[in-house]
Every structure is written in C-alpha cells, then in structure tokens.
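Visitor: Chain by chain, the residues:
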Amino acid sequence: MKRSVSLKVQLPSVVFVSEVVFLALYAVSVTYSDDADAARQDNTTEPMTNSLYKDYPFFTDVQVMIFIGFGCLLAFLRLYGYGGMAFNFLVAAFAIQWAILVQGYFQFYSDGKIRLGVINLLSAEFACAVVLISFGAVLGKTSPVQLLVMTLLEVPVFAVTEWVVLKYLKINDAGGSILVHLFACYFGLGVTFVLYRPSLNNGHPKEATGYHSDIFSLMGTLFLWVFWPSFNSAMTFKGDDQHRAILHTFIALSSSTLTAFALSAMLSKNGRLTMADIQNVTLAGGVTVGASVDMMISPAAAYGLGVAGCIACMLGYRYLTPFLARHCRIQDQCGIHNLHGLTGLISCLAGICAILMASEETYGPSLYQTFAHRAPVEEDPKHLKLQQLIPGLQPGLGRTAHEQALYQVAAMFGTIGVAAVGGIITGLVLKLPFLAAPSDELCFDDKPYFNVPSDYDNMAGLEAPSGATLDNKV
Amino acid sequence: MKRSVSLKVQLPSVVFVSEVVFLALYAVSVTYSDDADAARQDNTTEPMTNSLYKDYPFFTDVQVMIFIGFGCLLAFLRLYGYGGMAFNFLVAAFAIQWAILVQGYFQFYSDGKIRLGVINLLSAEFACAVVLISFGAVLGKTSPVQLLVMTLLEVPVFAVTEWVVLKYLKINDAGGSILVHLFACYFGLGVTFVLYRPSLNNGHPKEATGYHSDIFSLMGTLFLWVFWPSFNSAMTFKGDDQHRAILHTFIALSSSTLTAFALSAMLSKNGRLTMADIQNVTLAGGVTVGASVDMMISPAAAYGLGVAGCIACMLGYRYLTPFLARHCRIQDQCGIHNLHGLTGLISCLAGICAILMASEETYGPSLYQTFAHRAPVEEDPKHLKLQQLIPGLQPGLGRTAHEQALYQVAAMFGTIGVAAVGGIITGLVLKLPFLAAPSDELCFDDKPYFNVPSDYDNMAGLEAPSGATLDNKV
Amino acid sequence: MKRSVSLKVQLPSVVFVSEVVFLALYAVSVTYSDDADAARQDNTTEPMTNSLYKDYPFFTDVQVMIFIGFGCLLAFLRLYGYGGMAFNFLVAAFAIQWAILVQGYFQFYSDGKIRLGVINLLSAEFACAVVLISFGAVLGKTSPVQLLVMTLLEVPVFAVTEWVVLKYLKINDAGGSILVHLFACYFGLGVTFVLYRPSLNNGHPKEATGYHSDIFSLMGTLFLWVFWPSFNSAMTFKGDDQHRAILHTFIALSSSTLTAFALSAMLSKNGRLTMADIQNVTLAGGVTVGASVDMMISPAAAYGLGVAGCIACMLGYRYLTPFLARHCRIQDQCGIHNLHGLTGLISCLAGICAILMASEETYGPSLYQTFAHRAPVEEDPKHLKLQQLIPGLQPGLGRTAHEQALYQVAAMFGTIGVAAVGGIITGLVLKLPFLAAPSDELCFDDKPYFNVPSDYDNMAGLEAPSGATLDNKV
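Residue numbers (UniProt numbering), protein chains in the order written: chain A, 1 to 474; chain B, 1 to 474; chain C, 1 to 474.
Hints in this document: simulated from the structure, not taken from any laboratory.
Check the hints yourself; a few may be wrong.
Where chains are identical, the list cannot tell them apart; a pair therefore holds if satisfied intra-copy or between any two copies.
Cross-link-like lysine to any residue pairs, in silico, SDA-like; alpha carbons within 20 Å at most [said to hold, decoys possible]:
id, residue 1, residue 2
1, LYS447, MET266
2, LYS54, THR236
3, LYS113, GLU361
4, LYS113, LEU23
5, LYS238, GLU46
6, LYS238, MET48
7, LYS238, PRO57
8, LYS113, TYR363
9, LYS170, GLY414
10, LYS238, GLN387
Start from the sequences, fold in the hints, and give me the full structure.
Guide: Listed below in structure tokens is the structure:
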C-alpha cells in the first residue's frame, strides 16, 4: 500500500492544534519581564540600561545563524533545496514558540507567570538549535509533519535535561557543547536509528548536490562561521568572560578552517577539495572550544582545540559515518555525529582539563565568577572577603576543581543517555502512519511536498547518471 | 510604432539631473546634527553617549532589510532576477538621498539647515521602504526610468503625509502600519491601476519563477524576517517600549510563519506547499502587529495578531488578487495589497483597540510616555506630578483614549486617500512616452535592460511550456 | 611537461607547516589584553565598559564583509564560483591568523607578549582585506597554494608599511584609502604583472559569468555596501568622528551607486546595464571618501566624492583595464586598479584638501583630536588650555596643516612604492614550481581544484560559444 505524502490534512492539523494550545498557554501564563513591563518603570529606571541592549545584539546574530545560516547550509541537495531551507524555517519558528513556553516554566517562572524578555527568546534559540542539529540527521527522509512532531517531543526533553543539568549538576558549558551539541547529536542519532532505511545504504539517485546548491550551502556555512562567536558568548558573564569567549571561538574557527582545507585535499584521491568538507568541517572549531570558551585557556589552546576538533570531525566524515550507516543502522545524513558529537566530546574533555587547571593565580578572584559553583558558600568568611574584591559575587557551593570536573562528567554521560533514549522513543513515534513520511524513492526530493517550477524537472534530469531513471520532459 | 526600451539616454538624463539638483540642495541646506558636528563637542561631551550608538545598530539592521532582504525577495522571477535585485538597489539608493532632503525640510530643519545624523538616514530608510513596497505592485512591468520618476513623486507625497500625520494628527504607529504599509500599498495600487495591461491577465510566458530564483527569494524573506523586530522597534521610545516592540514582532512573525505553512498546504489542490506563500505570507505578522507593537497588548495578543494577519493575507493572495486583476484593473504583481494592505488595516484596528483599552493600571505612569499625546498639558497640575514619576516627561495634549482613537481613524483614512490619489497621478506621469516602458511581451524579462550572460537564453528555453515561443539557441 | 595542479601534497604541506609555526608563536607570545584577562578585573571594573562592547559590533560587520561580501562578490565567474568563495574563505582565515601575529609584534606588544583583544582581530581584518583585494587581480589564475604563499608574504610587508606610516609618518586615513586600498591595489598589480599570461589577452572560453553567478556576486556587493560605513568608521575616534564617518560613507556610496547605473547604461552600445558595473562601480564611493571620512568635509563634499570616484572607476573599467592588459602586461582580473587604485588616489587628494582647509573655526578644539598630530606638543602652554576644553587630549607634534599634508603625500607615494615592489617580488616567488599553478586552459575553472557535482559539465557546456571545446555530455 502506498502511503500518501500529501500535507493537505496532516500539516494544518498539527499546526492548528499546536497553535490553539500555544495561544491558550501564552494567554494564561506568559507576561512581560520587568524590563519589558511599562508598569515596572519608574523615576529610577534608566532606559539605556534595559537588559534589551545587552541581549539584543547577540539575539539578532543568533537569529541570522538559525534562520539563514542553518537554512542555507541545509540546502545543499540539488533537488531538496526548498526542503532544506523551508523546513528549517518552519521547524525553527515552531521550536522557538514551544521552547519559550517549556523553558519558561522551568527557568523564567515566578508568581505563576512566565516572564518574557529578549533573554527568553535567546534561550529558546538555543533549544531551537538543538532541534535543527538533530534535523540534520534525518534531512530529506522525513516529512514536515514528522519534523513538527519531533520538535514537539525534543524540546521538552531538552528543556528538562537543561534544567536538571543547570539547576542540580551546575556545570560550566558556556558554548553549549554538552547541552546543545551532544544532546542534539545523540537525540538525532536515536531518531535516525529507528527510522533506518536499508535501501538508502546503496545510494539514492537524488542524493546529490548541485553546483549552485553547494554555493548556497557554503553561504550558510559562512553565516554560521561569522556569527558563531556571538553564539558561544551569548550566555557568558558580561565583560572579560564574554571577551574571551569571542576571541577563543574566532581563533578555533580559523584554525579548524585551515585544517579542513588541508585535510580535504590530503584525503581525497585526486588531491581535489570536497565542498561538503568546506561546508561542515570548517565549523568544527566552534563546537570544540565551546565548553571552555570563557575560561583562561590561552589563545594557543583555542588554536589547538580548533585543529584537534577539525581532525576528529574530518576522520569521522571519512570513516565513521559510512561505518555507522552500514553496520549500526545509523544513517546520519549531514554527519552530525562528526560536527557535533565527536567535537562535543573533545570539547567536554578540554573543559574538564581547563577546570582542573584553573587557579586563583591565573584568574584572580574572578575565578569564583567564571566558576560560580566553586565560590565559597555564604557562611564561609572567604565569601565576604571575595565580595570586597568582586562586589555582587554570588555565594557558591564551595566545590573543588575535582568536584566540578566530576559533575561535568556526570552531565556529559547523563545528557548523552537521556538524548539517545529520547531520540529512540521519538523515532518510534515518527513511525506512526499518517505523518506523511516519504517512501524511499521520494527521499531527497522537493516534489512530494512543494509545487515546483518548470525548471525543476530539467535539473532533475541533469543529475541522472547514465540512463536516467527520472522522468523529465526536456 | 515600437517604443524604445534603451536606457542609453533616459536613465543618465534622469540620474544626472537629479544628482545636480541633489548636490546643490545638499550644499545649500544640509549640515551636521549636533552629535555629528565637531564644533559642538566640548568638555561635557561623553563620546559613548553620542546618539549614534543608539541608532546605528537599528540602522544597519534596516539597511540589510532594504538592500538585501527586499532585493533578494524581488528576485523570484526566473528571467527577471537582475531586474528584481538591481532595480531595488537603484531605487533604494535614489529614494534615500531624496528622502533625506525632503524629510529633512519637514522634520530635521532648524536655523535654515537640515541637521544630518544617523537618525535622518534611518527615517529616510522608512520612506525608502514605502517606495520599495509600491515597486512590488509594478515589478517587471516598469523600466528603471519609470521607477526613478515614481520615486521622485512618491517620496514627497509620503513625506508630507508623514509630517501632517505626525505633527497634526499625532498618532501612535511605531511599526509604521499606517504610514509605511498602508501608504505604500495604496500608492502602489494607484500606480498599477493606471498602468493596467489587459493582455497580462491571460498569463505571460515569462512570468514564472525558477528553482534557484525561489531560493534567492526565500533568502530575502529570511533576512526581512530576522531583522523585522529591529524595523518595528527602531522608532519607539528606548527602554521597555522598544523591548516590547521586539518581543511582539518576533512572536507575531513566528505565529504567522506557522500559519502560512499550514494554510499553504491546506489551500493547495494537491496538498503541496507553494513557495510564494512561504516567501510572503510568513511575513504578515510583522505588519499586523505594527501599530500596537510598543503597547502592553500582551504576548498572546501578538500571537493572535500574527495568526489573524496571516489568514487575511493568505486569503487575499488566493482570492482577492485574482479578482482585483480581472475586475478592477488592479494588477498587483507581488500581492502588496495582501501583505501590506489587508494586514495594515487589521493592524490599525488592533492599534485602536489597544489604545482604547490602555489604562494607568496596566502601564503605570509610563502610559503618558507610550501615548505621548494623552499626557496632560503643561499647565495641568497632573503634569508636574507625573514628571516626578517620569523625569523628562514631555507635556502632551491631554487627549482621552477615545480622542486618540479617532485621530488614528482619521490618519488611516487620510493616508489611504492621499496615497491612492498620489498613486493614480504618478501612474499618469509614468505613462509619458520616453520613459523606456517595456512592451507587454518584454515584461518580466531582464534582456531589454541588461547585457545577459550566455546561459540566459538557455534558462529562458527551459521555461517555455510545451512548444516554446521564445527563441533560444540551445 | 604538464605541471600537476593536484593539491594533495602542496596544500597540506603549506597549511600544516604554517599551523605548527603559528601555534608555536601563539603559545610563546600571545596572551590576553587587559580587557580579556580575568586576573585584571577587580572591584573597580565595570563589565559593560569593557572595550568589547565598543569594538565587537564593528568587528562583526567587517566579518560579514570579509567572509560573505568578498566571498560572494568573487563568485561571479560561472565555472569558478567555488574557487571565488572557498579560496576567499581559506585566504581570509589564513590572513587573519597571520596578521594577528605580525601586527601583534608591531602594534600590540608589551612586556614581551602580544596582548589579544577584539581590537586586534578588527585590525587583522583590515590586513585581511588588503590580501583579498590583491587576490582580485589574480582571481582564477592562481592555485590556493599560491594564494597562501602570497598571503604569507603580503601580510608582513603590509604590517611593516602600516607600522611605519602610522608610527613615523602619522597620517590621517580613517577609511584606509592609503594603507588598505592603495597598498592592496599596487601589490596586486605587481603580482599580476609578474604572472602575466599572454594567451589570456585573447579571451578565455571559461572567463564568463553566469546568470546565477551574477546574482551571487551582486549579493556580495550588497553586503559590502551595507556594512561599508562600519568598515570606514571602525578605526575612528568614538563620538562625533565616528558619526561623521558613517554619514559620509553612506552618502558617498549612495551617490556612486546612482552614477554607476547611469554611466553603465550610457557607456554601453545598446543602452543596457552591465552587471559587472553594478557589482563593482557602485562601491567606488566607499573608497573615495575613505581618507577624509571622519573630517568636517560637509555632506555635499561626500556626495561629490562619491560621484567623482565612480566616474574615475567606470572609465578605468572601460578604457584603462584593457589598455593595461594589452600594453603593460598587467592583467587585472577584477579591475582592482579601478575600484581601489584610482579611487584611492582621489581619496588621498581629497584628504589632503580637507587637511589644508581644516580650521579651529570649523572643528572647534576637536580639531586637535581629529588631527591628533596637529595638537600642540606637551610643553606648549596651548596644550594645557586645550586639555581644559577636551579632557584627555593627547599632546601632539604641533604640525601645521601644510606639514600634515606633506606627510600624507609621503605616505601615499611610499605606500605605493613599497606595495608595487613587494608585489613584484611576491609574483616572482609565486612562479616557483610545485605551487600547483593552473595552466592557461585550466584558468577560471573549478574542476582542477574541486570535486564538482554532475551538473557542472552541463553548465560548462551551456557556455561554450559556437562549437564547444569543452567536453560535455548533455
């Protein structure tokens, strides 16, 4: 029996039901944060100190990454450019709305209301990035209805994990290497494991890039590259912490870019560069430096992390991804395990090393700000002393470096476990009928889901390798 | 008699005459505003409090929208991509220069000089957006010479309307729903009404999108989407007002995006998505929330406005645009009446409701800042009392909510009327000979106005539906 | 003997050796600047006054210009889009790393260490822009290995020149017209002079644009256009100086855009626009206004400079570039001599005029801030008096306007001379074998350096003029 891929009923159903629920939840439980509430302004309020002006520049940068960077990057398939960009748009808009609510209940809730400000939107964009990374594992093999259902499930699992890790484990992870990248990666792998399609392992006639699709995709890479320092530093402390986060991210991206070009030429048979490497592996440094991005790791260490992450990522693309597809039922379409998984693991290790080596000698009293949980507890006389050096220093938990490192390890394994299990369960849900999943031969194809212009068939024809199997009317 | 479409004489004539006039006017009447004038700096000036730093971030965001967002969005026609992007570039540069002068005389004039700062440029970009929206109605059917003449006429009509509305009617319209969107829409419809081309109602062989053109256009949409919060909030009060404007715009865009995808699938025969919907209807929320964007309407209301505007916009595209073209001589090429007109009207209504419901209870004393004209007059003792709560509160007109609402209604109808009449007169001027207007068969075609590369003919051939009527040499 | 164009050995060799050296130098000599160093923060540090927040917005704008603006602009060749964008990416990442080190030793060195902050990155991006402009002269005719070698040589020559000019000649050149544009231009011309390929003067079958490549390239132009005010103002004094720099750049770009459209139509045989003009000549105003961008030249002068630079640039493209190629062995692929050389010279002259006309009447005491070297020497009693008017005014050299003008002239000729000689020597180095230089017939072709998708051959076929010489299998 041929399943329908028509979105006519399913997509509106999922969207309108969600919208009614979202609207009801917004009406009942979302109000303005103090900085956005007219009634909270008085004669002591100075408009230009509104938190808006600290958060909004980073928010717009991350917006460009989410909607344009990811969108273009995912448009690399010649016949699935609409799908890559438009489903990214749909999923991102949906994920952010949903994350505002779910994260709101966990992180921005007081007096029975979610307090909304630009910081909530920024936080929701991180949740959105998680979903979009996972999307990379199943690109071209899932319907937009399935993607919305995946978003509905992934956002709460992520938000709970995030809340537990931040509230109870209290880790250092400014760039989101553990929470964003590792979670997203293993969740996506879980989903694609369940949605395994054996026939795709033999290659698919439409799974091909095109000359212009590759250029669109590289533009996406460049937007991600340019604004990645803003992503990695958006959640750090203001001041020197944020300054370092920007420096380290930039340096690591630079060194991973150089390395990616070199390895791409070196590992190809004919000494030519592969665009997929330039589109993806160049970004490895941004992830690898994430967990230690605000620490005093030194610029040279950031440089080294960029190189190391890039090597791991490149070897992953060359050897691990094909292996996982053939032997482990894990078909990782965009290779998220290389760009987010392997690099995320290296980043965690580097973060742990940086935590173990952090000392008052290097950081001065700021040590207890960057590593907030190592700050002395409130009763500790050292806390008072430190407060004279850093006014406004919050009391901490008095953790030692070793204790903090152990919590990082716990967070890493916990996150991976929850993500993988969550991904597998989500994959099972996505196998439900009526979600307009494409059959194998309709994968990587915009035609099932879009009204395509007349030049589409011609483009499809161009691609057909020796004795076209696609009908085209040129 | 075949009219020439050559730009060889006409375009340089219009440009050079304008440039001489502009240069003379700049020389005679434009000088620096205080914040840009070296001689006005003294030992009390703090460089970082220069107004530049408040305005410039919003200015660059709007620049991206105008030049890249609009430019790419208008490149959706397969054979008119150069025209869409390059004429947008030309018109935008021209409109801003002209608007700096015209708005300067009305809004930034003192001691016989226009005082120039980044705020003037930002203001001129709003006038520019007006022209570009109107351009959407006649895209592909007008020569660049006609577009420059249209700009020459539209900018002053707009600037006068803006000045009357802001100075005499004194309305609330932070996002420009009335002044920008309604004006631009009805002006454009007036122009296209006069330039009616009956033969185009039967379809035009070149009026087709292309696979890559649609991707370029969607990139334009995404740039508009990402920076729309900056557009809607650029002219609000700093602080909580701007904060709310950003939140509301983002929420409304998100909900209209979701709705647009759902409706696009629902209203298509085969349950497939239409790229034109994703490129345009997703943006409806940004306009719809405009007139009330800085008010305490609640996040849920912003959500609802996004959905409502999107529904109106989508139904407009499906049913109203074809109706207007067939029965009212209004050929609205990009459907600006849907994206800017219908949504603008809803926005006005929502703004009026928000004004009527605004109370001191919700806003606190800030009520008289957001609704500046409801502030008590200078002599009123209440003014003094309020100034203690909000230092620097300007005296207002002591309007009641109902009075303010009536002024909004007057502004709405007045703007629509002036715009439509201005558009019709402009249309008549554009019918003058010697403006290089394209004949019907040269519409939607880059070839009359650009030296095209050799692959153009091939692309043109691809498009020809069964039995090509275009000459191509493949 | 056919030389190999394989990158398999050469590219990794150059990259890995450089990376090892860079990493060693970073480890040995790069540390954090005060604003990025946790140990330098104390109870008097206010996080939001960190220099990060002054520099980062301009840094991201310039990043977009470098990686996306230049990248897309250079993708205008139909069969060399990958090369344009990806080599731009590679060279930019490499140049910035290298410039951080080299400029660091000259400009940011204290106590035996380079002090790293975002300002260093911004400064390195200017060095990077220099390399990318020079790249324009040899686009499509050099291998990525050659480009890296060129970068290795150009960055130190530039950094030394910059240091000498800024430290000893002490000139005014906020927009980098002398240091960035003239240096880059004459260096690039020097390189291409040595790499002269006589056969290319007869045209090359692959040296053709494509319809979509031209659109990508125009997008690049628009990104450069939009953020050019940030580039020209990134290095000025904060406050009114930066405000003026932004205004002037915007005005000059606007007027040069209008002029470029008019001239493009006027100078073409058939009255049609040429995309190459719209992509390049529109930007002339940004360069032309550079040397006087922060001075009180008046908005009208900025307007006039935009027009003048545009005319020179356009005439250069039409008449000078072909002349140089035929008669002077200078094959300037992207016409950098027009967009950066001629305009740079006009800019210098304008800067000198502005310096000669600058008076205390126009500038007030700020005169001695904008023209820092005209400030009185420390012992001069006038210095004390001025410090009361402008607290924090640095003592200067007591130069007169004429003296300053002479230094500008010296800097201009000195820079041109050093750049040209440096470029010629670099060109000789690039002729070394084993740098994977493409043969004449492999110029302007992505195939030697990239694994291209299957539609590439088809695109190549489309282009072949009457009796294709390229093998294609359509």
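Visitor: Within, between, both or neither: how does the pair LYS238, GLU46 come out at a Cα-Cα threshold of 20 Å?
Guide: For LYS238 and GLU46, both the intra-copy (19 Å) and inter-copy (9 Å) Cα distances are at most 20 Å.
Visitor: My question is about LYS238 and MET48: at a cut-off of 20 Å on alpha-carbon distance, are they close within one copy, between copies, both, or neither?
Guide: both (16 Å within a copy, 7 Å between copies)
Visitor: Which holds for LYS54 with THR236 at a C-alpha limit of 20 Å: within a copy, between copies, both or neither?
Guide: Answer is both: 12 Å inside a copy and 18 Å across each meet the 20 Å cutoff.
Visitor: Please work out whether the CA atoms of LYS113 and LEU23 approach to 20 Å or closer within one copy, between two copies, in both situations, or in neither?
Guide: This pair counts as within: shortest intra-copy Cα distance 15 Å, inter-copy 51 Å.
Visitor: Between copies, within a copy, both or neither: which fits LYS113 and TYR363 at Cα up to 20 Å?
Guide: between (38 Å within a copy, 18 Å between copies)
Visitor: Is it within, between, both, or neither for LYS447 and MET266, if the alpha carbons may be no more than 20 Å apart?
Guide: Result: close only across copies, 17 Å inter versus 37 Å intra.
Visitor: Evaluate LYS238 and PRO57 at a C-alpha cut-off of 20 Å and name the case that applies: within, between, both or neither.
Guide: both (13 Å within a copy, 15 Å between copies)
Visitor: Reference check for the pair LYS170 and GLY414, CA-CA at most 20 Å: within, between, both, or neither?
Guide: Classified as within: same-chain Cα gap 13 Å, cross-chain 58 Å, threshold 20 Å.
Visitor: Please sort LYS238 with GLN387 into within, between, both or neither, judging by C-alpha distance up to 20 Å.
Guide: Within one copy, since 18 Å is at most 20 Å while 33 Å is not.
Visitor: Pop the pair LYS113 and GLU361 into one bin, within, between, both or neither, using alpha-carbon distances up to 20 Å.
Guide: between (43 Å within a copy, 18 Å between copies)
Of the hints listed earlier, there is not a single one the structure fails to meet.
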